[in-house]
Each structure stands twice: as C-alpha cells, then as structure tokens.
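S.K.: Residue numbers (full-length UniProt numbering): 1 to 165.
I should point out that these hints are in silico values taken from the structure, not numbers from a laboratory. On a predicted model such as this, the values are computed, not experimentally measured, just so you know. Please note that a few of the clues may not be correct.
Said to hold, decoys possible - Quick list of simulated restraints, FRET-style, between CB atoms:
1) A143 to G62: 39 to 45 Å
2) E115 to N60: 36 to 42 Å
3) T144 to R96: 27 to 33 Å
4) E43 to R96: 38 to 44 Å
5) L112 to A68: 19 to 25 Å
6) D156 to S89: 17 to 23 Å
The C-beta atom is built at its ideal place from N, Cα and C for all residues, glycine as well.
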Amino acid sequence: MAGHTGQAADGIGGQDSWRDSVSEATATDLENLLGTGVSAAQEQLQRNGGFLPFALTVQNDGEVRLVAVSPADAGEGSDGDFDADAMISDLQALLRQNRDDFRAAAVVCDILLVEDDSDAIHVAAEHRDGSLFAAVLPYSANATTQSWEFGELGADASEPAIWVD
C-alpha cells in the first residue's frame, strides 16, 4: 500500500492551487496525513467492513502517530452502535489539549455524501501555521467481487478545529 499513498495525494485534479499558498514543508505534512489517513481507513474497511473515527498527527520530530478514542455510546433512539460525532468531538478536544506536541493533525471519519448517495472517507488536515486541507474519497461495496471500490479523491471545504482559540 505504501506506493499508493503518494498517488492519492497527487491525484486531486486541479487542486494544486492550495499548495501555492502554503510552504513546501506544510504541504508535505498535510499530504502525508492525507495519504496515511486514506490508506489506514481503506485498510480498516477491507479488514473490518467499516472504521471508527481516528486522528493522525505529525509530531514535532516528524513522526506520524495514530490517535484514537474509545467509542462513545450512541444516544437512545439512534440506530448506530456508537456516536461518531461525539467521537470526533473527543478527538478534536484531545488534539487541542496536546497541540504543542505536534505540528499538524488530521481527523479521519466515515461520511455520507448525500448528493451522491455514497459513503466516503473524509480526511480533514490542519497545520499549526493555519493551513487547512480536506479531502473525500467515495467508496462502495461490490457485492459481486466481495470487495470495496473507491472513487476519485476530491477536495472538500474545511474549518479549523485544533488551532482555534
């Protein structure tokens, strides 16, 4: 899978303009988080048929770390086994508390693209210098081949969640 990550980050057609506004080091960190996040989510999908929200950080020394929180129980009356929104809030709070230890972070979660009626891997990356980058990768299960099929990686709008005061 390692060879696939670079391809994923570069394959955002026509979205190179965001790179012009950030330093090379920042772009590298954000693309690293994006590629790693997409790969890790794809791996969990293939192994477990789904994935819980998780986060990745680029530590101050450049090491990429996985950050996870235990699933929050879904509220009464909801059909989910866990509350993904609560987990994402917990991840963001944890990242905010520890943000001096890393220079970039990304939250990876499973979303529903309503207009396409498709599930997607969503990666929202953020750098301490204020740069933001988010991407979505639609996916679907192929019942015939018993495998996952992935669409085109696309850019998405994002709001800062970690370096906010």
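S.K.: Compare the structure with each hint and give your call.
M.R.: Here's how the hints hold up against the structure:
1. A143 to G62: 39 to 45 Å: 42 Å, holds
2. E115 to N60: 36 to 42 Å: 39 Å, holds
3. T144 to R96: 27 to 33 Å: 44 Å, violated
4. E43 to R96: 38 to 44 Å: 27 Å, violated
5. L112 to A68: 19 to 25 Å: 22 Å, holds
6. D156 to S89: 17 to 23 Å: 19 Å, holds
In the structure shown, a violation is registered for the earlier hints numbered 3, 4, in ascending order.
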